[in-house]
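If you're matching them up, the sequences are chains Y and U in order.
Residue numbers for the first sequence follow our numbering, beginning at 234 and rising by one.
Residue numbers for the second sequence follow our numbering, beginning at 4 and rising by one.
No wet-lab data here; the hints were simulated from the structure.
These numbers were taken from a predicted model, which means no experiment stands behind them.
Heads up, a few of these hints could be off.
[Unchecked claim] Restraint-style ranges between C-beta atoms, simulated for each label pair:
#	chain 1	residue 1	chain 2	residue 2	range
1	U	Val249	Y	Glu407	25 to 31 Å
2	U	Leu185	Y	Asp482	47 to 53 Å
3	Y	Gly274	U	Leu255	33 to 39 Å
4	U	Leu107	Y	Ala263	55 to 61 Å
[As the list claims (entries may be wrong)] With a cut-off of at most 30 Å between alpha-carbon atoms, the simulated DSSO-like pairs for lysine-lysine come out as follows:
#	chain 1	residue 1	chain 2	residue 2
5	Y	Lys361	U	Lys169
6	Y	Lys385	U	Lys169
7	U	Lys169	Y	Lys255
8	Y	Lys255	Y	Lys385
9	Y	Lys385	U	Lys193
10	U	Lys178	Y	Lys361
Think of the CB as a built atom: it goes at the ideal place given N, C-alpha and C, for glycine as much as any other residue.
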Amino acid sequence: MIRIDAVSQTFRGRRGRVEALKDIDLDIAAGEFLAVIGRSGCGKSTLLRVIGGLLEPSSGSVTVAGDIVTEPRRDVAMVFQRPALLPWRPVLDNVLLPIEIFGRNRAESRDQAERLLEMTGLAGFATKLPHELSGGMQQRVALCRALIQNPKVMLMDEPFSALDALTREELAVELQRIHIELGTTIVFVTHSIGEAVLLADRVAVLSSRPGRLNKVVEVPIPRPRTFGHNAHMDQVAAASAELHELLLDESPRPARA
Amino acid sequence: MTDTDADSRLSMTWNNGVLPVLGAVLAIGLWWLLTAALDIDPFYVPSPPDVLDAMLRDPRYLADETWTTFQRVLIGFGVAVAGGLGLAIVLAASRTVERMTMPLLAAVNAIPKVALAPLLLVWMGFGNSPKIVMVVLVSFFPIIVSTMAGLTSTPADLAELARSLKASWWQTFVKIRLVWALPQMFVGIKVATPLAIIGAVIGEVVSPDHGLGSVIVGSGANSDTALAFAALVLLAVAGVVLFYVVAALERLLAPWARAISS
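With these hints in hand, go ahead and build the complete structure from the sequences.
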């Protein structure tokens, strides 16, 4: 579904050039859930923006569903760290924003919007304004807004990182359910090992400065998975331990002169 | 209805209704007390009853003059709001035009508008036009500055959302930037309301014909200080009315703004 081919990204900053990504090669299958994990500033958000067509890579290319990405696509939905809701629009109208922008018929998508709200536990909140909702509920609305695009691919940039720990886990479990139900290809940027192991088929570990693909870790645990006790605790522990080692291995070393 | 509901409604009435009136009454009382206690000659500072007298001497006349001024204010203010918004939208659409125009606008704004009043008289003669133009001149700038500020303050995440949805420039503008700018636009419009009234009075003082500014000029010639005070009170009332009309409009158009700013 997604092919990332030798993607490098260099930013020109005030202090010279910064290599955010270097030679990333990665294939993501249709229906796969890929988590991208790495330390802060390792370029994982940059990678997501390149896939989403919001950033043009300095070299290399990204192909989605057979087409080289040159601009955002309407069958690729993004969910950001912050819910990015329009504060003056009630929940339902926020969910319908993509429909309006695509110039499609609002009335026809209304049912779907309501079903999505129901699916994410927001059934009674369609007429509320965003500020009347908790952070977790706002992020659920953002998720519905992405899903109404009927996306082939969902790109999620640390979507739960601004939430408290319990809400995060709750939403992660919900996202797993949605993924099982809809089979959307998902690229999920996170810095939480727990989230990555719960959700992903594979976890791509990025190293920092420049962001290179360090390793891709398989998580061969059958779904549905849970955060609590289950039959696969050994595999969860093994995957978590491996990710820990990979991430901690490149703890910042003292700079050499 | 619970007790707390009733309580909060009571405190709302108290805060928004009773307290402002109480403040005004106290201020008038103090004014009265000072004029009486210091035995001030009403020629210099008339007492509240003197001013009330002056108002009631010919209420019809004062009402007409107030309406004249208020009309000039409304027309000029309307033009300033429409023009300010229109120009801000043009400036927000093109960085080139913005760079070319903003310094010019700042320079025009730095000119004391009173200094233009005699020129307006030369160009437009007497009558309504020079007064209305003066209203536009003084109230235009805060509106355009605040509208520009609002239009350029769209949060990055909303802009990125629009981009990821492949929204057109116009869609992004109408559905996101413009609505986002509303609260800040209203800041400028509120700043401009008293300026609009000041503009009308400047115009009327420089070339008196009708309106409260003209009443003040005329009362000076007749040594009728109480009448001048009456005109000032009416101007103040007009200013307060206009301000609250704008504030009510803001609540109607952007009720969400107060909720997210608190």
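Hint by hint, here is what the structure shows:
1. Between U/Val249 and Y/Glu407 the beta carbons are some 45 Å apart, a value that contradicts the proposed interval 25 to 31 Å.
2. A hinted range of 47 to 53 Å for the beta carbons of U/Leu185 and Y/Asp482 is consistent with their spacing of about 51 Å.
3. Evaluation of the 33 to 39 Å hint for Y/Gly274 and U/Leu255 yields a failure: the beta carbon distance comes to about 45 Å.
4. At about 57 Å, the beta-carbon gap between U/Leu107 and Y/Ala263 stays in the expected band of 55 to 61 Å.
5. Restraint check for Y/Lys361 and U/Lys169: satisfied, since their Cα atoms lie roughly 26 Å apart, inside the 30 Å limit.
6. Distance check on the hinted pair: Y/Lys385 and U/Lys169 sit about 16 Å apart at the alpha-carbon level, within 30 Å; holds.
7. For the given pair, U/Lys169 sits about 27 Å from Y/Lys255 by alpha-carbon distance, which is consistent with the 30 Å threshold.
8. With a CA separation close to 26 Å, the supplied pair Y/Lys255 and Y/Lys385 stays within the 30 Å bound.
9. For a cut-off of 30 Å, the pair hint linking Y/Lys385 to U/Lys193 is broken: about 48 Å separates their Cα positions.
10. With a C-alpha separation of about 19 Å, the suggested pairing of U/Lys178 with Y/Lys361 holds against the 30 Å cut-off.
The structure fails to meet hints 1, 3 and 9 from the earlier list, while all remaining hints are met.
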